[in-house]
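**Q** For reference, the chains in residue letters:
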Amino acid sequence: MNTRETDRLKMLLQTALPPTRDADPERDPVPSRDLWPEIRLRIAGDAPSPSHAIPWFDWVLAGGVAVVAVAFPAAVPLFLYYL
Amino acid sequence: MTTHPYLRAFLAGSFVPTLILPLILTGFIVLRLVLQVPFPFERGIVFPMALVPLLWSLWNMLWLCSSRRTHLPISVHGALLPLLLMPAGALLATSMHILSLGARGVTWFGSVYVPYAWIVPVFLAALAVYYLMWKYVVGFLNRTLGIA
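Protein sequences, first through last, are from chains H and X.
When we follow our numbering, the leftmost residue of the first sequence carries the number 258, and every step to the right adds one.
When we follow our numbering, the leftmost residue of the second sequence carries the number 2, and every step to the right adds one.
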């Protein structure tokens with residue numbers, strides 16, 4: 258790659274990627290404060306805790322299965338037969 | 002990891018039944034070889050040890066193939082499998098004389114009596130077990146293997 262090609266490539270890159278300091282401050286305003294702590298708080302607030310990770314419906318189903326297993330213990334080998 | 006998605010679906014589907022196999026084999030050895038129970042359990046052992054893992058694998062491959070069109074959750078898809086497995090297992094067990102039909106109930110392995118009245122709650126419990134297994138185990142494996 259000679260000097261001419263290098264200059265042309267440099268010009269193309271500068272055209273495609275204008276420097277950020279030339280950006281319109283009204284269209285792309287720089288935040289006046291650090292937003293990262295708020296993002297971390299939001300992520301922590303949205304993350305489900307382990308007790309809420311499983312929906313209540315699934316707890317009901319698991320409880321029903323346990324009740325059936327206790328009420329009909331002879332059915333447990335049948336479960337294993339079909340697993 | 003974008004290659005062979007159906008192979009990964011096959012492996013993920015066979016995971017749960019493969020974990021159950023040692024339990025079944027242990028039960029078989031204890032009952033038949035240690036306690037000398039005079040009943041040919043080996044006739045029916047082919048269903049849980051060979052056909053069930055295969056059907057789980059094929060069912061997971063079917064979900065992978067159809068989920069983009071049907072948008073059916075894997076939990077519901079898995080809960081539909083007993084509708085196929087139960088009659089197939091009962092038919093096979095009856096033909097191999099593992100399951101005998103009586104007037105008020107069925108007898109498994111010549112010793113486990115299950116009245117017909119139990120079939121509905123047991124079947125619903127089986128649907129629930131399959132729903133949970135497919136949602137939390139097979140679904141997790143599919144996500145881990147990059148096919149869900």
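Hint data in this document are derived by calculation from the structure and do not stem from the laboratory.
Hints may contain errors.
Stated by the list, open to error - What follows is a list of derived Cβ distance ranges for each label pair:
id, chain 1, residue 1, chain 2, residue 2, range
1, H, Ile311, X, Tyr117, 53 to 61 Å
2, H, Ala301, X, Leu63, 37 to 45 Å
3, H, Ala323, X, Val35, 56 to 64 Å
4, X, Pro23, H, Ala310, 22 to 30 Å
5, H, Ala310, X, Ser68, 41 to 49 Å
6, X, Leu92, H, Ile311, 30 to 38 Å
7, X, Ala89, H, Glu295, 52 to 60 Å
8, X, Ala51, H, Glu295, 50 to 58 Å
9, X, Thr108, H, Ala310, 37 to 45 Å
Even glycine gets a Cβ: it sits at the ideal position worked out from N, Cα and C.
**Q** Do the Cβ positions of alanine 89 of chain X and glutamate 295 of chain H conform to the proposed distance bound of 52 to 60 Å?
**A** Distance hint for alanine 89 of chain X, glutamate 295 of chain H holds at roughly 56 Å.
**Q** Range hint 30 to 38 Å: satisfied by the CB atoms of leucine 92 of chain X and isoleucine 311 of chain H?
**A** About 35 Å separates the Cβ atoms of leucine 92 of chain X and isoleucine 311 of chain H, which means 30 to 38 Å holds.
**Q** Could you check the hint for me, namely that alanine 51 of chain X and glutamate 295 of chain H are 50 to 58 Å apart, CB to CB?
**A** Since the Cβ atoms of alanine 51 of chain X and glutamate 295 of chain H sit about 56 Å apart, the hinted range of 50 to 58 Å holds.
**Q** State, for the Cβ atoms of isoleucine 311 of chain H and tyrosine 117 of chain X, whether the hinted interval 53 to 61 Å holds or is violated.
**A** Violated, at about 34 Å.
**Q** Are proline 23 of chain X and alanine 310 of chain H spaced within 22 to 30 Å by their CB atoms?
**A** 29 Å, holds
**Q** Per the hint of 37 to 45 Å, is the separation of the Cβ atoms of alanine 301 of chain H and leucine 63 of chain X within bounds?
**A** 39 Å Cβ-Cβ, so the 37 to 45 Å window holds.
**Q** Please test the hint of 37 to 45 Å on the beta carbon pair from threonine 108 of chain X and alanine 310 of chain H.
**A** Once the Cβ atoms are compared, 42 Å apart, the range 37 to 45 Å for alanine 310 of chain H and threonine 108 of chain X holds.
**Q** Go ahead and decide if the range 56 to 64 Å is satisfied by the Cβ distance of alanine 323 of chain H to valine 35 of chain X.
**A** 29 Å, violated
**Q** Does the beta carbon distance between alanine 310 of chain H and serine 68 of chain X stay inside 41 to 49 Å, or does it fall outside?
**A** With a Cβ separation near 23 Å, alanine 310 of chain H and serine 68 of chain X fall outside 41 to 49 Å, so the hint is violated.
Going through the hint list in order, the structure does not satisfy hints 1, 3, 5.
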